[in-house]
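Chains A and B are the protein sequences, given in the same order.
For the first sequence, my numbering assigns the number 172 to the last residue and increments by one with no breaks.
For the second sequence, my numbering assigns the number 851 to the last residue and increments by one with no breaks.
Keep in mind that the hints were calculated from the coordinates and are not lab data.
Mixed in with the good hints, there may be bad ones.
[What the hints assert, rightly or not] Derived contacts from chain B toward chain A, CB cut-off under 10 Å, selection only:
no., residue
1, G271
2, A283
3, G311
4, N357
5, F459
6, A535
7, G552
8, T693
9, M698
10, G809
11, Q810
12, K839
13, F847
[To be verified] Estimated spans, in silico, between C-beta atoms of each pair:
no., chain 1, residue 1, chain 2, residue 2, range
14, B, R291, A, M165, 34 to 44 Å
15, B, P353, A, Y171, 28 to 38 Å
16, A, M70, B, D708, 44 to 54 Å
17, B, K356, A, M165, 57 to 67 Å
18, B, S803, A, K163, 33 to 43 Å
19, B, D746, A, P72, 37 to 47 Å
20, A, Q153, B, K417, 43 to 53 Å
21, A, R90, B, K824, 48 to 58 Å
22, A, K38, B, R775, 33 to 43 Å
23, B, I719, A, M70, 38 to 48 Å
24, A, E122, B, S441, 28 to 38 Å
25, A, P39, B, V715, 23 to 33 Å
26, A, D166, B, K824, 48 to 58 Å
This one's a predicted model, so the numbers in the text were calculated from it and none came from an experiment.
Even glycine gets a Cβ: it sits at the ideal position worked out from N, Cα and C.
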Amino acid sequence: MSTEAAAEQTATNNEVILPEMYTRIDAIIEKYKDKPGSLIPVLQQAQEVCGYLPHLVQRYIAKGMNMSPSVVFGVATFYSYFTLVPRGKHVIRVCLGTACYVKRSEEIIEKIKAELDLEVGEITRDKKYSLEAVRCLGACGLAPVVVIGQDTYGDVAATKVMDIIKKYD
Amino acid sequence: MICAGTGCVANGSLKVKDALETELIKRNLQKEVKIVLTGCNGFCAKGPVMVVYPEDIFYQLVKPEDVPHLVEEHFIKGRPVQKFLYTPPADKNTIPVMNDIPFFKHQVLRALRNRSLIDAEKIEEYIARDGYMAAAKALTEMTPEQIVVEMKKSGLRGRGGAGFLTGLKWELCARVSGDIKYILCNGDEGDPGAFMDRSVMEADPHSVLEGMIIAAKAINAHYGYIYVRAEYPLAVQRLQLAIESAKDHGLLGKDILGTGFDLDLEIYQGAGAFVCGEETALMASIEGKRGMPRAKPPFPAVKGLWQRPSVLNNVETFANIPPIILHGADWYASLGTEKSKGTKVFALSGALNNIGLVEVPMGTPLKTIIYDIGGGIKNNRKFKAVQMGGPSGGCIPGSLIDTPVDFENINKTGAIMGSGGMVVMDETTCMPAMAKFFLEFTEDESCGKCVPCRIGNKTLLTILQRITNGEGREGDIELLLDLSQQIKDTSLCGLGQTSPNPVLTTIKYFRDEYEAHIKEHRCPARVCTPLVKFVVDQSKCKKCGQCFKACPAGALKWEKGQVAYIDPEKCTKCKSCIKACRFWSID
Ligand SMILES: Cc1cc2nc3c(=O)[nH]c(=O)nc-3n(C[C@H](O)[C@H](O)[C@H](O)COP(=O)(O)O)c2cc1C
Ligand code: SF4
Ligand code: SF4
Ligand code: FES
Ligand code: FES
């Protein structure tokens, strides 16, 4: 099987995209279609709709924006803001920026990886949590920083981080 | 004045505000006491932070449940509440007045001139502090040439990293003819460990807009973008609001202040790629492409965004411009050193007592910043080095603590000024591991366009990985030095040209640590786990038992008056004991 066909198959197998999502994406495309250079905002907003950027949606956007899918895929993979895999109900983001690194934020990641049995960029089997490593959240004064969903936690100790995570169910 | 910067909000400052509002109403004081939400005050580590005027009392670490007590004492009985006042480390007496606190005392605020004084969401408050006066002056009284001359005379150098003379950059673009030009603001702030641009955008967005209006007049641009990282939602929101209120006040849009000059500004959200901070990559990104740098020339001043002449400046650079136009180049140039004028904002973080955002005159000795403002190293540890300029910069060792901080002197050490991140390290930081950390960053962020950066950095990383894994080989240090020089010389953009700096400076100043890793299979800072033995050195152990208390796995055996022992069967190598031991007795 060619890689393309393989991608197509995994895409159709796992990706559930609701009709209403397409309606909202249509509206986004309509708004930006004629504006040069607007692929990035379109992808940002589409990601807000779906939670991530499924392959099918990328193709859909390519068609709507009149671009080749490879351009869309190229941009979507270049920027770290975009994710091509689904996220958990709660996204745990651990900062690995310099200020957090010198405060040993790596140990926080190791701890979460061991406790939740997942790797960075993965989602737990019950789909409850996903773990991401990020580069500086601009809250270095509070290092080391962990963000869960929309909540920022500063001065987090590796030994205490699971207590915080468990509050999110 | 309650701080509503990102740090303080994370620490619950909005709940403090709600509690305060309720309490003031309860006490019928809502008319006498006005609550204002400000941007970052700078002293983020002590958040939530609050300043009460006119007395200028600085409160820190305020919790919502403490508010009734605070209102009772301060606003009714008129005495500052001891419990929330600042106490210097190693001192018992509190310091109530903000500007008496060493953290604030040594600072000179120019880019941050409105810090803790205005509500970022109210244009009236910005205007009341001379806001938009400079823009009015530039638009009504000055020609583009006069603005350029004034800027060149002020000696202001770009705050985004390279330190290029701002006036000169404008002049280059002003000279190019063309009816469409762009003015661009770089709010990408990709250097991890730096957060001053964020703070300016959140706390004083109008100062950025005003700087951009003046620049637009100088180069004759009528359209502009502010490029902000998507990770900074509050900054985006505040800038958006600022643009709208400026339009409502006739300060942006068509026919600004009736002068016939038009300028429209738009926000563009970046999508998380460090290399997009580089100017040509940033422009490619606004055009909707992968953010890859291209070779210069042509310079952006000639061919920039959409192939049009463009000027890109950093957020802090723009924030500095209005006072220069208003008070003149001579006033501005009166502070600073021969070739670095004015002030610079730094983000202090790491092993310091006082973490936060500070603005000091150029040329201030590193020592003043670290000890007087930063309050020295936490837990009485030793100052080892400070990383300046992030992944493109380098470390400055403790022995160079008297270095005056300006562009020239920092470059001499092998580090760079960069955007102003200062990450302070104590002796628990391993320098080869630090270099590896930065290389992981650059290797990941390299856009991949040119070979030296893409492959070279990967090779550097591989060598550093084997050194920190205890598999370093004879000759690895020389190999690192050699390869670093090649990457610097042959990479296309600033990312590759500077990425070896952390390697070069750590070898320059801490070569013995590299040698210990390679030759003795030892990590002096006990950071690289494969090189740590987790054995108590009987001769060094002071029998204090701290390690025993810290171990979460029950692997430590210790009794009063006895030397400690680690059971290798139970030890999970978590290093809690190593951190707890004050005597470096665990190898
Ligand atoms: C890899 C790389 C990343 C950069 N990141 C930033 C950044 O995050 N913010 C910034 O203002 N400048 C950044 N710069 C510098 C810009 O290219 C540019 O020089 C600067 O924004 C110009 O503004 P200034 O003259 O006001 O400093 C970066 C440069 C390189 C090579
Ligand atoms: S130096 Fe690195 S980031 Fe810059 S163009 Fe080359 S590969 Fe890309
Ligand atoms: S903390 Fe250090 S000095 Fe104290 S008992 Fe443990 S090994 Fe010995
Ligand atoms: S380095 Fe973690 S928030 Fe900046
Ligand atoms: S966020 Fe409040 S002091 Fe920085």
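Against the structure, the hints:
1. For G271/B, the suggested interface contact is upheld, since its CB lies about 5 Å from the closest CB of chain A, less than 10 Å.
2. Restraint check, A283/B versus chain A: the minimum CB separation of about 19 Å is more than 10 Å; hint violated.
3. Below 10 Å, beta-carbon pairs count as interface contacts, and G311/B has one with chain A at about 8 Å; its hint therefore holds.
4. Here the hint on N357/B is broken, as its CB sits about 25 Å from the closest CB of chain A, past 10 Å.
5. Nearest Cβ of chain A to the Cβ of F459/B: about 4 Å, under the 10 Å cut. The hint holds.
6. Taking 10 Å as the C-beta contact cut-off toward chain A, the hint placing A535/B at the interface holds, the least distance being around 3 Å.
7. With a least beta-carbon distance of about 4 Å to chain A, the hint placing G552/B at the interface is held under the 10 Å criterion.
8. Interface restraint check for T693/B: the shortest CB-CB distance to chain A comes to about 6 Å, inside 10 Å, so the restraint holds.
9. A hinted interface residue such as M698/B counts as satisfied when its beta carbon comes closer than 10 Å to some beta carbon of chain A; here the least separation is about 8 Å, so the hint holds.
10. Because the beta carbon of G809/B sits about 19 Å from the nearest beta carbon in chain A, more than 10 Å, this interface hint is broken.
11. A cut of 10 Å between beta carbons decides the hint on Q810/B: the least distance to chain A is about 15 Å, and the hint is violated.
12. Interface restraint check: K839/B against chain A, minimum CB-CB distance 8 Å, threshold 10 Å, status holds.
13. The closest approach between the C-beta of F847/B and any C-beta of chain A is roughly 20 Å, which is over the 10 Å cut-off, so the hint fails.
14. One distance hint, 34 to 44 Å for the beta-carbon pair R291/B and M165/A, holds here, with the actual separation near 42 Å.
15. Checked against the hint of 28 to 38 Å, the pair P353/B and Y171/A passes, with Cβ atoms roughly 35 Å apart.
16. Remark: the range hint 44 to 54 Å for M70/A to D708/B is contradicted by a beta-carbon distance near 26 Å.
17. Between K356/B and M165/A the C-beta distance comes to about 37 Å, which lies outside the given range of 57 to 67 Å.
18. Judged by the Cβ atoms, the range 33 to 43 Å given for S803/B and K163/A holds: they are separated by roughly 34 Å.
19. Between D746/B and P72/A the beta carbons are some 43 Å apart, a value that agrees with the proposed interval 37 to 47 Å.
20. At about 47 Å, the beta-carbon gap between Q153/A and K417/B stays in the expected band of 43 to 53 Å.
21. A hinted range of 48 to 58 Å for the beta carbons of R90/A and K824/B is consistent with their spacing of about 51 Å.
22. Between K38/A and R775/B the beta carbons are some 54 Å apart, a value that contradicts the proposed interval 33 to 43 Å.
23. Separation of I719/B from M70/A is about 30 Å and departs from the stated range, judged on CB atoms against 38 to 48 Å.
24. Restraint check, E122/A to S441/B: a C-beta distance of roughly 55 Å breaks the suggested window 28 to 38 Å.
25. For P39/A and V715/B, the hinted distance range of 23 to 33 Å is satisfied, since their beta carbons lie about 31 Å from each other.
26. The beta-carbon spacing between D166/A and K824/B, approximately 31 Å, falls outside the hinted interval of 48 to 58 Å.
Consistency note: the structure conflicts with the earlier hints numbered 2, 4, 10, 11, 13, 16, 17, 22, 23, 24 and 26.
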